[in-house]
Structures are given as C-alpha cells and as structure tokens.
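Asker: Just need the whole structure built from these sequences, with the hints factored in.
So the protein lines, in turn, are chains Y and C.
All residue numbers for the first sequence refer to the working numbering, where the first residue is 1 and numbers rise by one.
All residue numbers for the second sequence refer to the working numbering, where the first residue is 289 and numbers rise by one.
Rather than coming from a laboratory, the hints here were simulated on the basis of the structure.
All clues given are correct.
Covered, in the sense of this in silico footprint (three residues per stretch, anywhere, with C-beta under 8 Å from a C-beta of chain C), are these stretches of chain Y:
| id | segment |
| --- | --- |
| 1 | 8-14 |
| 2 | 25-32 |
| 3 | 108-116 |
| 4 | 268-274 |
These numbers come from a predicted model, not from an experiment.
By construction, the Cβ of each residue, glycine as well, lies at the ideal position given by its N, Cα and C atoms.
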Amino acid sequence: MNRRTFWWFTIPSVIVMLALMVFPLITTVWLGFQKLLLRDLNNPEWVGWDNYRDVLSDPEFWAAVQFTLVFVVVTVPASMIFGLAVALLLDRIGRGRAIYMAALLLPFIVTPVVGTLIYEDLFERGGLVSWLWEVFTDDAFAVSASNVKVLIVVQYIWYVMPFAMITFFAGLQTLPEERVEAAALDGAGFWRNLWHVTLPHLRLLVVFVGLISVMDAYRVYDSVFVWTGNRFTEAHTLAVYNVRIATAFDIGRLGKGNAIAVLTVIGIFVVLIPFLWRSYRDQIAERT
Amino acid sequence: MILLVVWSVTPFVWTAQTSIKFTRDVASKTPVLWGYETTANAYRNFWLDSDDVNMWGVLAFVLVIAAIAAALGLIGRRARHGWPWFLGATAVICVALWRFPRFWEANDEYDFLVNSVVVTLLTMLISLSIGLLAGYGLARYTGISGAVILIVALGFRALPRTAFVLPYFFGAKEIDEWLTSTGVGSWNFPLIDFPGIDTLQVLDTRLAIVLALVAVNQPFTIWMLRSFFIEVPKEMEEAAMMDGATRLQAFRKVIIPIMWPAIIATGLFTMLLAYNEYLFVRVLAPTEWTLPVAIVSLTGGESSRTITEAAAASVSITLPIVIVIILFQKHLVRGLGAGAVKG
Chain Y
1 MNRRTFWWFT IPSVIVMLAL MVFPLITTVW LGFQKLLLRD LNNPEWVGWD NYRDVLSDPE
61 FWAAVQFTLV FVVVTVPASM IFGLAVALLL DRIGRGRAIY MAALLLPFIV TPVVGTLIYE
121 DLFERGGLVS WLWEVFTDDA FAVSASNVKV LIVVQYIWYV MPFAMITFFA GLQTLPEERV
181 EAAALDGAGF WRNLWHVTLP HLRLLVVFVG LISVMDAYRV YDSVFVWTGN RFTEAHTLAV
241 YNVRIATAFD IGRLGKGNAI AVLTVIGIFV VLIPFLWRSY RDQIAERT
Chain C
289 MILLVVWSVT PFVWTAQTSI KFTRDVASKT PVLWGYETTA NAYRNFWLDS DDVNMWGVLA
349 FVLVIAAIAA ALGLIGRRAR HGWPWFLGAT AVICVALWRF PRFWEANDEY DFLVNSVVVT
409 LLTMLISLSI GLLAGYGLAR YTGISGAVIL IVALGFRALP RTAFVLPYFF GAKEIDEWLT
469 STGVGSWNFP LIDFPGIDTL QVLDTRLAIV LALVAVNQPF TIWMLRSFFI EVPKEMEEAA
529 MMDGATRLQA FRKVIIPIMW PAIIATGLFT MLLAYNEYLF VRVLAPTEWT LPVAIVSLTG
589 GESSRTITEA AAASVSITLP IVIVIILFQK HLVRGLGAGA VKG
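Answerer: The following block contains the structure:
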C-alpha cells in the first residue's frame, strides 16, 4: 500500500485522536499552570508551578499515590495467577465448558459500578457476608475505614480476574497437544510441564495481560469511587482523588486537578516507556 | 470448579433475590433465603411513574419483544446474508423502546435507558467505521509513520480518564459559550432539531459522551482490528485489484465480508465500554445521564426501599448486556485471543 492510500484510510482516526486526545492532553498541561475554579471558569490566571507545589505538599496526594501503588502491586499478580489457574482448570473440563465460562465471565462484563454495588451489598448490614460473619463471630460486619481497602482489593480481583482467565484460556487453545504429550512421556509432572511447556507458550500473553492490567489498575476509578464515595477519603486512589479535587461541589479546583492529572500521566509513562520503546523496535523490525 | 462459580456468581444471585423481595424481608436481621413472597414493586418504582400497574403486563411486553428479536436473530444466523435480519431485530427493539412510554407512564430512569442505548449504538457505529479503515491501513502499510501511530496509540491506551475528562469539560464549556455569544447556538438546524433541545450545545448532550467515548476507545479499536487484518492474506484484495477494483472497492467487497467475526468481537468490547461508562457521563452530562450514573445516585439514601430498588435497577441494567454477551461469547473469546497474540 502506498503512502497516499494509507493516509486516506487512516486520516479519520488520526484526526479523532489528534483532536480528542493530543489536544486535550496539551490543554491539561496548560490548565495545570492556571488558577481555575469550577464556579468561575472564565478567569484562568497563570500561577506557574503553584498548583504543583500545592499538590506535592498535600498529604492526601501521597496517601493516594501509596494506595494506588499497593493496589497495582497486589491486584495485578493476584488476578493473573488466579486467572491462569482457572484457565488451566477450564481447559481440562470437557462438558458444560460454555456454561462455566459464562458464569465466570459475569463479574467482568457487568457494569463496574453495578458490580461494585452488588458486591458491597453482601457486606452491608443485612447482606449475606455480614450475616454469616455475625453467625460465626457474634459481631455484625460493617464496612469501615479499616477494612474498606481490603474489600476494594478483593472486589477488584473478583471483577478483573475473568479478563486474565479468558485471555490465557484463548492462548491455551493454541497450545499444540503433542508438545504436552511429549513432555508427559518424558516423565514431566504437572508443575514441570507448566513451567517448561505451557508458560513459555503463553509468554507473550503474560506480558500483554500484565501490561493491560497495570494500566487499568493504575487508573481505576469506578469501583473505588463506589466503595468509598465521600465516606472513606483515605482509601482513594489517584484517579478518585483527582476527580474529587477537580469537581467537588462549589470548591472544585480545576487547575489543581489538572496538575494531578499531569503527575498521574508522568507516573504511568515512567513505567511504560521501556515497553513502548520495545514495541516500537518490534514494529520497526516487522517492517524491514 | 463449583467453588469458583459460587465465588463469581453469588453477588448476582443475592441481588436478584433482593430485587423481588418485600422490604420487610430485606430488612429482617436474619436473611430470608427462601419461602418469601415475591413482588415486582421495586421494578415498578424504578421504571414507572405510577403505583398501580400490573407488572405482568410489562413483563409480557418485554418478553414478547425479546422473543421477536431473538427469532429474527436466529433466522439471521442461519441465513446466508445475516445482516438484514440483525438490523430488523435491532429495529424491533428500538421501536419498542420508543413506543413503551405510550403504554405505561415511565420515570426519568426510562430516559436514561434510552440515553444508554443511543450512546452505545452511536459509539459502536462511529468507532467501528473509522477504526476499520485505520486498522486496515495500519495492517497493510509498511512505512515508519504507521509504527509511530501505533505506538502513540498504545501510549494513549495507558492514560487515565482523568487526563481527558477535565479538558473535555473545559473545552465543551468554551464551545458552548462561543455558541451562545455568537448566536449560533440558537440557530435552527432541521436535522438536529430534536424535540426538547432548543439550543445547540455540547456540554450535557449525548453527543459529548459519544465523542469522548469514541476517542478513548480508538487506540484499542485500531490495535485489535489491525491484528485481525494482518491475518488476512494480502493476495485476497490483490486479486480483486487485478480485476480492476480500486483499493476501497476491494476493501469493501472482499475484505469486510470475511471480517464479521472481528467486527463483532471489537463491537462487543466497544459496547461494554460505552454501556458501562461512568466518569465521563457524570462529568460531561450533569442531567443527560446514562444508567450507571442513575443507579449510583440511587444508593445515596440508606432506607430499605432504595435497597430493593437499587437491586432491581442492577438486575435490569445487567440482564441485557449479559444476554448479548452470552449470545456472542464465542466471538469474545476468539477476539481476546487474536488481539492478545499480536498485542
């Protein structure tokens, strides 16, 4: 395909991305240097690095950074290992696989805010878990500042595990039967088989799922917002903290919010640049 | 395996149960697990604006529409050219949505349902049409600019919504002010002169939500579609072009017809994204909500009445999407496999 045709095909998409992603990103950086209040959008005032100084000295910001990092470090490996285990199990099931898969997929396809709400319902007063807890410990279970972080993490793993599961499952379908059998003939047990045959086959998928999971966990908003709302602000992740600062009723500070957004973007790029660079090299290599 | 199913399904069963209970059973200290009286009150309160409606009638209406759509869909699956039948099924559902308020007096929530459907369909349509073109171009072109676009898109895939939602909000506000100050906003455009909209604006319209969603979905769409296009051998369209077809004709007549599985898979993910979106809608559309925002706003109060209602809302929001996904589960799995291997 020559250059001209290529651009004709690609231009609508490129325009959309330029107008609605590149340009807003520049606006974000610009707004980060402004003093701008939600109730008075017409008078931006250039304040230089003030917003950044404000953010970096805000203990709530550092709490949000800390919880976001913990969140990513816990949920990503947990959901991937869990997902791989379930995918292996699912691969061995002969009958009724489609039904099992549909049931296991449910948490992933349900609207995240709805999924979180119904999960939360189990733990609220009168909910199933709350009641079971009371039966065994004589104490009613209540969502509180001390346990909400654990609940957020558990619920997120519940929500996101099917993604790892279904991707690994799709990968397992392409694993040549003979290779497993050959390894088995050589006397390889389950674990050695997993380590030397299955995992190398899934290597690319593991990188892919890991990358996507890190991106998604890092920017999680919906479920954390539903769990915490304005009750447990100490369990806010970066995204929730960011939106709260920017759009809080009447006192929303859009300038500061944008400064946080810029810092968030820098944060994810520090992690991602090696991967992006490698993908770029791969892309170039593919072309020559 | 059973344990796993319990782990993933329990909350849904619990909520479905709650949604058909009477308030007294929900509020009781020990959960009433079976033998309770069932009621559709919660559904009525959530969707309808009247207290004495026979919900069996509503249920019958929904079931009849679903049955007609399902029948059309099944015929479409068997037929050689399926798409007119699928289009027919979609049309039946749309007409039903449109006529429903004539039969029963609906609540605001009903408008949010309509918003959800409109936003989801429009996002899928726009996103897929420009994504297909770009995905094809990126799969076939071997220059460096293709690689640059792909990597930049991958980078954008990683960015949090928060980096976009504030400038979108600010930008939409600016455009609206410009529209008002120049008077363009009060022009009458016959084509976009929807009932209920007197002035042209961006903020707080479905348009704003659709544009935002199309944009954030674009990187994913082009990567996924590109990975499907690469699997298609070049010789296919080259043969057609030998016979005198232009590139675009070859694309439309030869490539698109064999791409349906890919289009369906990508469309499903786009649908999930648009239907499930919360943050953009909340910030960009203070009153033109979609269902996820509506349900979150319901749970502010603590009374048991809202617990059953929220449960009913959850069930009504979840069911359609679950049905669609289960129907197309095969495509979803295959799509993730293909997108992933190349990703």
